[in-house]
Structures are given as C-alpha cells and as structure tokens.
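Protein chains: 2
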Amino acid sequence: MDTQHHSRNLPQGLVDELTVRFGSRFSVAEAVRLHHGKDESSHPPMPPDAVVFAESTEEVAATLMCCNAYRTPVIAYGTGTSLEGHILAVQGGVCIDLSALNNVVAVRAEDMDATVQCGVTRKKLNEWLNGTGLFFPIDPGADASLGGMAATRASGTNAVRYGTMRENVLGMTVVLADGRILKTGGRARKSSAGYDLTRLMVGSEGTLGLITELTVRLHPLPEAIASAVCTFPSIVAAVNTVIQTIQVGVPVARMELLDALAISALNRYSKTSLREEPTLFFEFHGSPASVQEQTTLVADIAKTHGGKDFDWATRPEDRSRLWQARHDALWAALGLKPGARALSTDVCVPISRLAECIAETIADIAAINLPSPIPSPIVGHVGDGNFHVVLLIDPNNPDEITRAHDFATRLAHRAISMDGTSTGEHGIGLGKRDYLIPEHGVVAIDVMRAIKQALDPNNILNPGKILPSPK
Amino acid sequence: MDTQHHSRNLPQGLVDELTVRFGSRFSVAEAVRLHHGKDESSHPPMPPDAVVFAESTEEVAATLMCCNAYRTPVIAYGTGTSLEGHILAVQGGVCIDLSALNNVVAVRAEDMDATVQCGVTRKKLNEWLNGTGLFFPIDPGADASLGGMAATRASGTNAVRYGTMRENVLGMTVVLADGRILKTGGRARKSSAGYDLTRLMVGSEGTLGLITELTVRLHPLPEAIASAVCTFPSIVAAVNTVIQTIQVGVPVARMELLDALAISALNRYSKTSLREEPTLFFEFHGSPASVQEQTTLVADIAKTHGGKDFDWATRPEDRSRLWQARHDALWAALGLKPGARALSTDVCVPISRLAECIAETIADIAAINLPSPIPSPIVGHVGDGNFHVVLLIDPNNPDEITRAHDFATRLAHRAISMDGTSTGEHGIGLGKRDYLIPEHGVVAIDVMRAIKQALDPNNILNPGKILPSPK
Chain R
1 MDTQHHSRNL PQGLVDELTV RFGSRFSVAE AVRLHHGKDE SSHPPMPPDA
51 VVFAESTEEV AATLMCCNAY RTPVIAYGTG TSLEGHILAV QGGVCIDLSA
101 LNNVVAVRAE DMDATVQCGV TRKKLNEWLN GTGLFFPIDP GADASLGGMA
151 ATRASGTNAV RYGTMRENVL GMTVVLADGR ILKTGGRARK SSAGYDLTRL
201 MVGSEGTLGL ITELTVRLHP LPEAIASAVC TFPSIVAAVN TVIQTIQVGV
251 PVARMELLDA LAISALNRYS KTSLREEPTL FFEFHGSPAS VQEQTTLVAD
301 IAKTHGGKDF DWATRPEDRS RLWQARHDAL WAALGLKPGA RALSTDVCVP
351 ISRLAECIAE TIADIAAINL PSPIPSPIVG HVGDGNFHVV LLIDPNNPDE
401 ITRAHDFATR LAHRAISMDG TSTGEHGIGL GKRDYLIPEH GVVAIDVMRA
451 IKQALDPNNI LNPGKILPSP K
Chain S
1 MDTQHHSRNL PQGLVDELTV RFGSRFSVAE AVRLHHGKDE SSHPPMPPDA
51 VVFAESTEEV AATLMCCNAY RTPVIAYGTG TSLEGHILAV QGGVCIDLSA
101 LNNVVAVRAE DMDATVQCGV TRKKLNEWLN GTGLFFPIDP GADASLGGMA
151 ATRASGTNAV RYGTMRENVL GMTVVLADGR ILKTGGRARK SSAGYDLTRL
201 MVGSEGTLGL ITELTVRLHP LPEAIASAVC TFPSIVAAVN TVIQTIQVGV
251 PVARMELLDA LAISALNRYS KTSLREEPTL FFEFHGSPAS VQEQTTLVAD
301 IAKTHGGKDF DWATRPEDRS RLWQARHDAL WAALGLKPGA RALSTDVCVP
351 ISRLAECIAE TIADIAAINL PSPIPSPIVG HVGDGNFHVV LLIDPNNPDE
401 ITRAHDFATR LAHRAISMDG TSTGEHGIGL GKRDYLIPEH GVVAIDVMRA
451 IKQALDPNNI LNPGKILPSP K
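So the protein lines, in turn, are chains R and S.
Following UniProt numbering, the numbering of the first sequence begins with 1 at its first residue and continues without gaps.
Following UniProt numbering, the numbering of the second sequence begins with 1 at its first residue and continues without gaps.
Be a bit skeptical, because a hint or two may be false.
Here are some chain R residues pointing at chain S (derived, C-beta under 7 Å) [to be verified]: (1) 187; (2) 190; (3) 192; (4) 195; (5) 196; (6) 199; (7) 203; (8) 273; (9) 276; (10) 277; (11) 351; (12) 355; (13) 419; (14) 423; (15) 441; (16) 450.
In case anyone wonders, no lab produced these hints; they're calculated from the structure.
Values in this document were obtained by computation on a predicted structure and should not be read as measured data.
Ideal Cβ positions, reconstructed from N, Cα and C, are used throughout, including at glycine.
Here chain R stands alone, though its shape is the one from the complex:
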C-alpha cells in the first residue's frame, strides 16, 4: 500500500544542508507542509516532510543533488491544482515549491514563441502578451502554472483547434534526479535531431525530471471571434452535432458539452441564466468571413439534430463571462452537494465512439444514485472526444466513495475498450495507475519503468506516481 503516507523524519544531514542553503526558505512548519500536501482531487491530503521555496533552476538543481545523495523523495509544486493527487507526498520527502520561478524570460512575437519560468501561470502569460497580437491557448480549468501543465500534458477548451501541451512546448530546461541541468528541444518549428526528450518530459508528472523553464508556441489572436450557446433535446443529439462538425472539418476553436445538471450548477454558481438542457458552448476563430462561414455551417448541423437557435455572446465581456463560467464548472459542481468532494473522471475516445460511450455512461450514472444520491454532472471537450463526469461524493461516506470509484473504473475500462484512454488531460497521478497496463499493455509499462530506472535510479522523483506498483 504505497498510497499510505509513510510518515518519517528527513535525514538530519539533509535538513542541515538545506537549512544552510535556503534559510527561511526551507520549512518544516506544519501549516506549510499541509498546504503543500493537497491538490484539487478527491485524494486525502499527504503532506511532505519539508518544503523548499526555490527561486532558480540552480537552486532546484542544488536541492535535487542533496536529496538524491540522501535518497529522499522530491515532489514539484506549482499551483496545487492537479486533479489526480500528483503532488501528494505518498512516501514523504521534500516538496519544491516553484511558484517563485515566475518570470516571463522572453516573448519573441516575430517567431510566435515565448520562454517562461515554470511558475508562470497561463493567465499571467496571456496578460503579459496583451498588445502583442498573440495568445497562449491552452486553458485547463484552473489558472495552473505552465510547468505543471507541461508535466501533466494538460489541455482544455481550445485543444480541438490549437492542440495540447504536447504540441505547444518547443523546448525546456529540466533538472534531472541527480541535479544535472538538461536542455531539450529548441526554437525551430521542427527538428529531426535525436530523441524527442521534450515530448518524453511533457506528461512525465515530475517522475523523470523537474521542469524549470519552457519555451512555448504562441498563436495569432484571431481577427474575429464568435461565441454561441446552443441547447439540444438530448445529450446524444448534442454529441452527434459535435461528431458531424469534426467530420466535415470545421476548424472550431472550442466546442464544449455541458449536461442539464452542469448548466444548473453554473447558473447557481456563476449567476448565469442558461436553459437547463443539454448544451454546447461554441467558439469560432478566423477572419470575419471565415467565422461567418463556420457559424452558418455549424448552426445548420445543430438544427438537423434538433438544436435550438444559437444564442450569441457577441460583446467581449459576455464571451469572457461565458468561458469563465465554463472554467468554473468544477467549483460550480461542488455547489450541488455542500461538503462534497469531487472525483472527476477524464476519459477520451475516438469521436466515432463518443455517443455510445456517453450513452452507456449516463446509464451507469443513473445506476449509482442509490442508496444515497451522487450528483454527477457531465462536462467535456467533446471535439477531442474527451469528457468528464464530476462525481460529488461525501468524503465521510465509504459506500459513496466505493460506488464512485467502481464507476470511474468501469468508465476507464469502457473508454479503453473503445480504443480510448483513461485520461485525456488530467494525467495518471495516483488515481489512474491501475488503468495503465490495461491501456498500454505490459511491455509498454516495462519500457516506461526502464526509462524511469535509467533517469532516476534511486526513485526519488515523485515516487508512487504514474507507474503501477509492481505486483
């Protein structure tokens, strides 16, 4: 049971070395440890034994060199917004808080790229880009750090058009387990020069190295933007609209599904007054003519599936309100059941299986509502085939926890059986390790273990995450 916190004290030599080096920026205070021991998942908190507040790549390297010498686990901490227990100190150890590495190092508008320290959040980068005519599109719900987003291969509402962190990171600075500083990638738009270490680090969840700096692609702000809301007689009708839109190749920028329950939660939390029916939020980017063309085409497709008229958010402030509401869906959902914790699923399937996967999942949601209700709104980046069921469970009710976990397991296996994945964008972390072999097979996991062993022979980097425990 490596998910239990092995409470233990750090080696005194390590404490001494880190104290000398970091002074008050090395802390074993309980409040500090507790703050760094929980994320936004439903996993119970597991605090680290100490926290280092690093301010540079070199300080991260020094910390790792020390911890490696003492065989002490190290966990990176950005904004604490992970959704699968990524930052929990399951084996104790030292948490490195990277939020002070928050400088935008360079914005090169002419090359449409930017280099940032890992602690810069997506909103901060976009504020910084104000006036350049460029933006950074990846937008998970939280205002996460770019380092954390790279580490979990995050995406969000714009991925259907602009890709995920996989497509948008050009290069990185990564501190390895033994403190060596690795540079990956470069600024060329493409390269065939050697193994793709950038993509190996993206999605490695702090288990192969700590990302301290990254160069990301930027995109031109579209000349015209149009956002619309459309409601449907059923969730399957909405999903079929999505499928057809993707299949005819409309370059939609955003296409988000929310079921009636999710809309009801939004209305309450965000003071919106949307019809509480299965709903798609759309956004279209392009030239005015292209946006016009896209919207006409998609409105026609929606109509053939029983969609009502598009309800337009034309003013920028209305658009911002709409998308902020969408980003707040997780927090809005929590309002449906006071005191609940949210267990969010994250499957992603090929678009041809999406309607079937959602229909089976809706039936399963109905089945877990007894003996006590588990409200479970559905939201999703359905243009990618990705959707979330947000299961609201009473953390003090073991039966609800069991029902929710069994549901999540069935859903993950359903997606995998449809050639999909257990996680489209949240990552494996603690909670999805058991799905990795069913999804990728034993050989793939053996290869992942071999790579982990080669790069982190002492297993100090975020131990207990991603890779399933050997049986």
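With chain R fixed as given, assemble chain S onto it according to the hints.
This is chain S only, laid out in the frame that chain R set:
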C-alpha cells in the same frame, strides 16, 4: 572510425537459425546485400552481411530475438530513400527488409485515422484513401514508407499547415531489441496516460526499436485548392514574403522556396518553363471563400516585396505537375552536374532568423565554388524555417568533398547559433552526429545514451547512428 564497414561474417548459428526460419527470404547474395547497403545520401555504400525479407511483426520479432542473442546488428530497410546514411551497415549485421509489410490495416474515415503496416508508402496510402474525402499530408520528396518516415520524423511541403510525423502519428507497434512487441499510443486524439513512447520512437531512426505498424491521422481533403507560382527580384525578397505571411497567420498549406538555379534544374528535368528567378510555390487549402481570402492577402504581401503576379496552376493536372516537379528537385539537381552525388543540408531556424541565415549561406556558397564549381541550388520548406542546399560534388574529387563537408558544418553551426537545428526533417543518421552535442548539449546526449542503453543494452539496433561516438 566506426563509419568504416567492419566486414565480418555472421555467426554460423545465427545464419543457420535464420535460414531454417526464412528459407529463401534470408539472403547473403552480394547483389541483395549491395542493394540494401546504399541510400540516397552522398555516403559511400556499406552493405549488411545478410538480408531478411520479413512479412509480419512476428517475423521481425523472431529475427530480433535471434540477432540479440548473437549480439548482431540489425538495420531496418523500407524504401532506401534516407538522406543521411541511416540504413548503412557501418558494423555489418542483418538488414530486415520491411517492404512486404505493405497492408493498409484499417481506414476509419469517421475518426480520420488509418492503421498501416510500416512498408506502406505515402503515395500508396493516398491512393487507398481515394474516394474517402481524406488524405495523408506528409510528403518528403521520395515515395518513402510510412515506417521510415516515422523513424526519421519526416515532413515535407505540407508541414507548415499539417505538421510533421511527430504530430501525425497516433500510435505504433514497435519491436524492441530483444524481440518484445511494444504497443504505443492509441486512437484517442489526446491522452495524458504515461510517458509518450510514441514520440520517443518517432525520430529514433531504428536505434530504439523497429516500427512495424502505425496509426496516423488523416485530414479532410480541402473543399478548394489553389496553387500559384511567384517570382521575386531576390531570394531575400522571397523569404521576407514568407516571414510576413507566417507572422500575419495565414494558414498556407504549402510555401516552398526555389532559387534560380533550382528552377533551372527543374525546367530541364521536368520540362517546365518557369522563369529562372528566385521563386515561391504556394498552395492554399480551405473553403472557396477562405482560399480566395488567403490568396488575396498573400498576393498583396508578395507585391510589397517586389513579387511578380501570381501564376496560377488551376487545373488539377497542372497542380500535380507543379508539385511533382518540386518533389523531384533532388533528382533534377543531379542533372546540373553529370556524375555528381548530392550532399543535401537540412537546417531549420526560427522564422525571424531565416533571411539572415539564407543570406549568409548564399555568400558561403559563392565562396566554395573554387577551384572547381560545386553547383548548389537552394530549395526549402521555408514556412517552417527549413531549407536545403543541394551540393553537387564529384565523388572522385576529395577536395570537393572536403569543401562541401566544411560548408555543411559551417551551415549547421550557423543554424544552431541562431537557435535552430542541424536537421529539420532528414534526421541525424551517420552524417550529422557531430552536431548533436553543439545543438543539445552534453547532458541531453547523456540522457539519450541512457535511454538507448536501457532499451538496447547490447547496442544491436542500427549501431553507429544518431549518437556521436564517445570521445
């Protein structure tokens, strides 16, 4: 000097085992070995000791298991069109010819993906897709196999719009050094489930595993296509047109530079009658209105840089002729100097440095033309910042070879000093290993070596490629 062919016989036990298993599909005939010992680079041929003609993943696995037991090198062979000596048997060993693995396993039009065996070529896949409304965009000059294209992280003329093999491979079947069969990735459009083994294998040039099957993304055939040719008063004027087009965010499908010498070679080889001036070939994809909008915008940009009127290739057969001519540029160039071999460079730089990089390179071309001329046309996928200088050298003139190699080295270092790469799409192979440390640094190469050691501890997979020899 591991670039010399260590001629040696294979272990008799290995020969016996492969003969029993493969019969006449195991060959040590000289003609067969010679055929499999050369590619389209300027490197002298180095034949393997034997060739296995495999017909399935399981046969590849059986061959690797045998060769690994005997510590014998293994080299994958697709169409023999690599450009950096990738398939040369620098340490002898067994070549596995994969061209018989040429089935299209599945085309899933509704998901816009296809699964193919590694020996399927890009043209065969596109013929197969005829009538589906979909196409596969990646197009290196040669009609290469998709397995080989994945192994070298290939791209081509469409990459500026559709990405490279990095973005277009969803998953793979890969045989590991010891014969285990690895499945990577899946069919979901995005996933955060574990290390990105797909991207690790893409571009690994047969040094980490042999790709036997791959699932690739397909794209909707554009509703409208327009191709045009535009000539410019100088190559820098043409490049500045490219830079501005990219920076304003026009989604051009293709944007290819050819200098006057390259055009002259094309006219002779392809019987075209293009003006022999610095030229851009454009292609625009989209709805009729969007194509109209793009072409108007780009024609205006070209005009401000002194570009002449666009010369349109409107009929499909004219378009095909234009792009076939572009794809034949390497063979056309060879016509400029009978008996020559072509050394093709492949740098790629951030777009803001492209004009400067090309201008310095043109000056350098002028400098290497004495005492004997080395005709050196320039062609390039300049929308990506990628261009090739095709140096036509007399293989019997050591002075020309030295001048050309020194030029290529200067060009690679020039690109690296501009935050670019020594290879945008050809790969490292034999010829670019010395640039890997200057480009990525010692730590990155140590990490690559650690991964290689973890996955291929006996160093049997395409030894002597990618990784520089330890000093």
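Taking the hints in turn, this is what the structure says about them:
A least Cβ separation of about 4 Å between residue 187 (chain R) and chain S falls short of the 7 Å threshold, and the interface hint therefore holds. Hint on residue 190 (chain R) holds. Least Cβ distance to chain S is approximately 5 Å, under the 7 Å limit. Because the closest C-beta pair between residue 192 (chain R) and chain S is about 4 Å apart, less than 7 Å, the hint holds. A distance limit of 7 Å between C-beta atoms decides the matter here; for residue 195 (chain R) the minimum to chain S is near 5 Å, and the interface restraint holds.
For the restraint placing residue 196 (chain R) at the interface with chain S, the shortest Cβ-Cβ distance is roughly 5 Å, inside the 7 Å limit, so the hint holds. A hinted interface residue such as residue 199 (chain R) counts as satisfied when its beta carbon comes closer than 7 Å to some beta carbon of chain S; here the least separation is about 3 Å, so the hint holds. Proximity of residue 203 (chain R) to chain S holds as hinted, the smallest CB-CB distance being about 6 Å (cut-off 7 Å). Contact between residue 273 (chain R) and chain S, as hinted, is not supported at the beta carbon level, the nearest pair being about 33 Å apart and thus beyond 7 Å.
Because the beta carbon of residue 276 (chain R) sits about 29 Å from the nearest beta carbon in chain S, more than 7 Å, this interface hint is broken. For residue 277 (chain R), the interface hint is violated, the least distance from its beta-carbon to any beta-carbon of chain S being 27 Å, above 7 Å. Because the beta carbon of residue 351 (chain R) sits about 6 Å from the nearest beta carbon in chain S, less than 7 Å, this interface hint is met. Evaluation of the residue 355 (chain R) hint against chain S yields a violated restraint, the C-beta minimum of about 11 Å exceeding 7 Å.
With its C-beta approaching chain S no nearer than about 4 Å, residue 419 (chain R) sits inside the 7 Å limit, and its interface hint holds. About 5 Å separates the beta-carbon of residue 423 (chain R) from the nearest beta-carbon of chain S, less than 7 Å, and the hint is met. The interface hint given for residue 441 (chain R) holds, since its Cβ lies 5 Å from the closest Cβ of chain S, which is under the 7 Å cut-off. Interface restraint check: residue 450 (chain R) against chain S, minimum CB-CB distance 4 Å, threshold 7 Å, status holds.
Of the numbered hints listed earlier, those contradicted by the structure are 8, 9, 10, 12.
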